[in-house]
Amino acid sequence: MENLEHFLTQVWFVILALFLFLYVMLDGFDLGVGILSLTSSSEERRGILMTSLGNIWDANETWLVLMGGALFGAFPLAYGTILNALYIPIFGMIFGLIFRAVAFEFREHSTNKVFWNLAFGVGSFMAALFQGFALGSVLEGIAVDEAGHFVGSIWDWLDWRSILVALTLIQGYVLIGSTYLILKTEGELQATHYRTAKLAAITTLIGAILITIVTPVVYENARAKLFHQPEVYIFALIPLLGVVLIGLLLRSLNQKAEATPLVWTILLFLLTFVGLGLVVFPYIIPPSITIYQAAAAPSALVFMIIFIGFLIPIMLFYNIYNYIVFRGKVSGEHYSES
Amino acid sequence: MNIWADTVALSRMQFALTAIFHMLWPVLTTGMGIYLVIVEGLWLKTRNSDYYYHARFWAKLYVLNFGIGVATGLPMEFQFGTNWAPFSEAVGDFFGSILGFEAAMAFMLEAGFLGIMLFGWERVNPKIHYFATIMVAFGANLSTFWILAANSWLQTPAGGEVVNGKFIVDDYFQAILNPFMFISVSHMFFATLETSLFVIGGISAWYILNHRHAEFFSRSLKIVVAVAIAVTPLQIYIGHLSAEQVAHYQPTKLAAMEAKWETSPAGQPADWSLVALPNNKLERNDWEISIPNGLGYILEFKKNLSEPVLGLKEWQPDDRPKMVGLVYYSFRLMSGIGFFLAGLMGVSVIQWLRGKFAPEAIAQQKWLLRTWLLAAPLGYIAVESGWIVRCVGRQPWVVYGQIRTADGVSNLPASEVLTSLLIFAGVYTTLFICAMFFGSRIIRQGPNLELSVPGIENQPAVETEPAEFIPDQRPVEAQQ
Chain A
1 MENLEHFLTQ
11 VWFVILALFL
21 FLYVMLDGFD
31 LGVGILSLTS
41 SSEERRGILM
51 TSLGNIWDAN
61 ETWLVLMGGA
71 LFGAFPLAYG
81 TILNALYIPI
91 FGMIFGLIFR
101 AVAFEFREHS
111 TNKVFWNLAF
121 GVGSFMAALF
131 QGFALGSVLE
141 GIAVDEAGHF
151 VGSIWDWLDW
161 RSILVALTLI
171 QGYVLIGSTY
181 LILKTEGELQ
191 ATHYRTAKLA
201 AITTLIGAIL
211 ITIVTPVVYE
221 NARAKLFHQP
231 EVYIFALIPL
241 LGVVLIGLLL
251 RSLNQKAEAT
261 PLVWTILLFL
271 LTFVGLGLVV
281 FPYIIPPSIT
291 IYQAAAAPSA
301 LVFMIIFIGF
311 LIPIMLFYNI
321 YNYIVFRGKV
331 SGEHYSES
Chain B
1 MNIWADTVAL
11 SRMQFALTAI
21 FHMLWPVLTT
31 GMGIYLVIVE
41 GLWLKTRNSD
51 YYYHARFWAK
61 LYVLNFGIGV
71 ATGLPMEFQF
81 GTNWAPFSEA
91 VGDFFGSILG
101 FEAAMAFMLE
111 AGFLGIMLFG
121 WERVNPKIHY
131 FATIMVAFGA
141 NLSTFWILAA
151 NSWLQTPAGG
161 EVVNGKFIVD
171 DYFQAILNPF
181 MFISVSHMFF
191 ATLETSLFVI
201 GGISAWYILN
211 HRHAEFFSRS
221 LKIVVAVAIA
231 VTPLQIYIGH
241 LSAEQVAHYQ
251 PTKLAAMEAK
261 WETSPAGQPA
271 DWSLVALPNN
281 KLERNDWEIS
291 IPNGLGYILE
301 FKKNLSEPVL
311 GLKEWQPDDR
321 PKMVGLVYYS
331 FRLMSGIGFF
341 LAGLMGVSVI
351 QWLRGKFAPE
361 AIAQQKWLLR
371 TWLLAAPLGY
381 IAVESGWIVR
391 CVGRQPWVVY
401 GQIRTADGVS
411 NLPASEVLTS
421 LLIFAGVYTT
431 LFICAMFFGS
441 RIIRQGPNLE
451 LSVPGIENQP
461 AVETEPAEFI
471 PDQRPVEAQQ
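So the sequences go chain by chain: A and B. The numbering used here puts the first residue of the first sequence at 1, with every later residue one more than the last. The numbering used here puts the first residue of the second sequence at 1, with every later residue one more than the last.
Careful, some of the hints might be misleading.
Label-pair restraints from in silico Cβ distances [what the hints assert, rightly or not]:
(1) B:Leu44 / A:Leu316: 26 to 36 Å
(2) B:Leu422 / A:Asp159: 25 to 35 Å
(3) B:Gly455 / A:Phe317: 38 to 48 Å
(4) A:Leu316 / B:Pro317: 51 to 61 Å
(5) B:Thr430 / A:His228: 25 to 35 Å
(6) B:Pro413 / A:His228: 49 to 59 Å
(7) B:Gly336 / A:Pro282: 37 to 47 Å
(8) B:Gln364 / A:Gly187: 51 to 61 Å
(9) A:Glu43 / B:Thr430: 16 to 26 Å
(10) A:Glu44 / B:Leu44: 30 to 40 Å
(11) A:Ser331 / B:Leu17: 53 to 63 Å
(12) A:Glu186 / B:Gln445: 28 to 38 Å
(13) B:Asn279 / A:Gln10: 50 to 60 Å
Don't read these hints as lab results, they were simulated from the structure. Glycine included, each C-beta is placed from N, C-alpha and C at the ideal position.
Next up, chain B with everything else stripped away, as it sits in the complex:
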């Protein structure tokens, strides 16, 4: 079949393209919001202006990403109606409500307080400003919660059943608390945080390597390390729990993630494939390196499987994912990055404990700083790969086991979808290039350390003895 004349394939491509591009921006702002809360909190607590300048500097990158995130996110919501009208009608009662909650609770909160966070420094008092920053970060993370709750429900639909092609919900709370929800929300929460931390850490490393504000940016690097020391191992653990859930609830996805064609029975060991060349036509891997008895250790930390792991051949070709290689390698890429970042974190902690992070010593850690710089984009790649595993892996279902993707597509001429797809590809590529260009311009400019700090003007720069005290003779208004 010619995919350029197939509305289903084109609509899927359009959704995938917009989602993959859109994800690049909120993934940073969601995690960076928490970072901004941390530095502004440190500023309020210590009154050290460096933290204030950190808040102002990173907020510049924040707002750039936020603006593009909003712009590229808009089509995501509308595509459900334009390209997936039968799907929207079938699941609107639940899925649509959740998108409504996301807008009302999360997105509106973030948007409503963003103006104050960005432009309100001189207009509201610092506590209200801090409240606004917290609301922005909270709103963004609440978005993660609702979007992941909705997506998890598509993976493990709960709380009702399909009657005459429409999903009738009996219990909304059971639907929200669907089996995947909690682990998925946590995995994504830590993914956004980890991505942002390594972006902030990588940029900080770049400044230190270039001998620009080395002391200033060693502060941000230390904050990053202090937070990421807990995040990176935890994320690997949550990822593991997530894979266990996939094994239990979505056996076709697990089989694709492992490029496993034949079933491994219970009570026996099974090999774990490290690299392979899956062949969808012949239903086998053309070539493979595998670790003997590895699968049992990975899934259950023991040699013999207690439950069988089903191979793809257990299902008809129409009931299992087609893009096995993509899912298989995306999964390996994501997990590999997770371990790499945890390793980098371990090394950094050791160096910090050895005193190598002191402002005068840090610039000598060239190889470590270069690795941090290299690690800056890895979080994004891991997040994208993870979503590919999640959403390509659940095919051919849009609602796993209940509604097929092909049955959810709008009745549209393929040529129209192709046109919009091409425009999206052009516009989003342009936006990506512009984001990189203007983002790197902001980074090259560096922080503005000359900004006046709110509340500082009235304090004397140097401690003065009472004897030297000169009364302020300006009018009362000017003293404020």
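Next comes chain A alone, as it looks inside the complex:
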């Protein structure tokens, strides 16, 4: 029975990780394009950038809603404690997402676009920044009592390490956003994003190296885990693979490939994600509450697998179909007149 409970909990940990990864990858390029729009020189360019997202931004953001709902249902304790601890970053992210979401429609109908351009770009930046703070502070650990309830201060999430994580995440989003735009645009606009992709690849690499060094030096728990035999080989492999992927990415950028930069970037995201997952597991509120302590009752986990688990392939199918329908370059300001 205990084995089954553990298994169900692990299944939900994996499902949540999948939702989070899909969110970070999909809304990642979405937010990255938003941040890049701040550097656009003309309204026409911004129009193309926003059109490249018009049909998908909302579906991409839905993975966050899905992740939230699934975390709430499968790990209610973690949902309450983490969100309570991250009050300011969560609302910072939400206000960022609100502004960028409404900018899509309001910019279209507005005659003075300056404000909505800023709302789109700054909103994207804010959302990415506060997601980085949230990620950084969960990795650092959340102060809880024995029952797993948050006992820290409302500003716990802010220190130099979470700033480092936040800046790196922004760079990562800019990188994946640039490689997406390389795929979706042509001409001068594409040339610009070859440059931004290269720059972002290098800054992301620097951030990743710093985080890799800082993690075992500063965190005792992580150190014990990372240098434990035989896992140490796996953990050593991840940064090495990361360097290889960045090399491949830079090479594809130099060769002016159109699709492969995005592929290498996605693999880089996946690798980082697996690395972080291995560092955190089996904790869901690091450093003290495991997934088993925070999980909902087994009956709830089964109930949710029945209603959500079986939908995952269907959701993936129609999301992919959406990308297929709108494949190809974005040519004008609009996919079609509306």
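Got chain A; can you put chain B on it based on the hints?
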């Protein structure tokens, strides 16, 4: 107590503020989705381009509302964790699962097909496009189902019990099929549909009054009347069933809805209060106009009550809603609007039957069209009032009779909640003003009747005789 330093009061205010604002947008898109399915279906069936232009025009308002709905809905989900962490922990097994289902089944479906519905006209064939439109509408209404199932469960918790402060669910299907679920889902489904119909009808009336595309918009008005003729009376009936359920399961809420302080015993008639000035301190109404023997007729269609109707004084002040006046008047506002809209519908049907809706006659129906214009915002007011009755009326419980609202709040400094509340108030007010501004701009611009209609280009505009047939000499690709 100073409410500006009270985390519970501030968190409640923040939730109420975000919910009241958020509701304005999905309430329209949910009902309008069904309308879009109807007009696109009519287009596919009749191939009359007017219906195509209707689909394109209303979709513009749809997407404006949809975008703001998504943006303002995001905080709703996250607030359960940020501001109501103990509540989330206590009910996560069921309530959290349901929010997950809503996202996976409903919201994702809507978001996944929205892009094709809006931008896919030229990229997919009309049948796939129609499928996408149906999925968008279906997803939105499935959202209503799950959200109302979850909220109904908070009102009539079923399928388990609270053990050590945590709700343990024994039977998930019993929890979903809780006593309130079916009627609540239906009431909300018809509320979104009715609100959207009167918005569409009101805007159509505005165009006709202004002599802009009068014939075009008489079409949408007729579709609205044809659908609403069934919806408005049905909604009153479902509302009545809903009130009966409240009387049975949530007597404190019923007492607040009727500002009833003293119990009316069974077997006797009781008055029904029409207007009153409830006084919470003195536990009575300072002033009141009531209809003699009305309560029995309203609840059971007969003079004498068969079961007692309990007054608020039956409970300790801590166990009953405090904002009696708000609940009392919200209820009256909602029901009054329901009857008004049904009446407007009746008059419109009579005028239609008298032939006054014909394209050449409709613009003369000035008073009727003006009433339609006036009725456009009423659905929203009714929906908001209904939710106030539903959620303020169940206080002081977050899970009725089981978990108190005050026990569900996160341990947060009041100043932080006040700050976020003020930012929400500012941002949401701005969004509301922008929505009104850009919405009215779309309406003033009117429909674009010059768009090319998919599949029409190849058909000759005028029927040609075979003798006049000129073969198309363009290359095969260009003929497509």
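Comparing the hints with the structure gives:
1. Look at leucine 44 of chain B against leucine 316 of chain A: about 29 Å separates their beta carbons, and that is inside 26 to 36 Å.
2. Here the CB-CB span from leucine 422 of chain B to aspartate 159 of chain A is close to 27 Å, well matched to the stated 25 to 35 Å.
3. At roughly 27 Å, the beta-carbon separation of glycine 455 of chain B and phenylalanine 317 of chain A lies outside the given 38 to 48 Å, and the hint is violated.
4. Taken as a hint, the range 51 to 61 Å holds for the pair leucine 316 of chain A and proline 317 of chain B, whose Cβ atoms sit roughly 53 Å apart.
5. Threonine 430 of chain B and histidine 228 of chain A have their C-beta atoms about 52 Å apart, which leaves the hinted 25 to 35 Å range violated.
6. Our hint of 49 to 59 Å for proline 413 of chain B and histidine 228 of chain A is violated, since their Cβ atoms are close to 40 Å apart.
7. About 57 Å separates the C-beta atoms of glycine 336 of chain B and proline 282 of chain A, a value inconsistent with the hinted range of 37 to 47 Å.
8. Taking the beta carbon of each, glutamine 364 of chain B and glycine 187 of chain A are about 57 Å apart, inside 51 to 61 Å as hinted.
9. Evaluation of the 16 to 26 Å hint for glutamate 43 of chain A and threonine 430 of chain B yields a pass: the beta carbon distance comes to about 23 Å.
10. With their beta carbons about 36 Å apart, glutamate 44 of chain A and leucine 44 of chain B fall inside the hinted range of 30 to 40 Å.
11. Our hint of 53 to 63 Å for serine 331 of chain A and leucine 17 of chain B is violated, since their Cβ atoms are close to 43 Å apart.
12. Our hint of 28 to 38 Å for glutamate 186 of chain A and glutamine 445 of chain B holds, since their Cβ atoms are close to 32 Å apart.
13. Taking the beta carbon of each, asparagine 279 of chain B and glutamine 10 of chain A are about 58 Å apart, inside 50 to 60 Å as hinted.
Checked against the numbered hints given earlier, the structure breaks hints 3, 5, 6, 7, 11 and satisfies all the rest.
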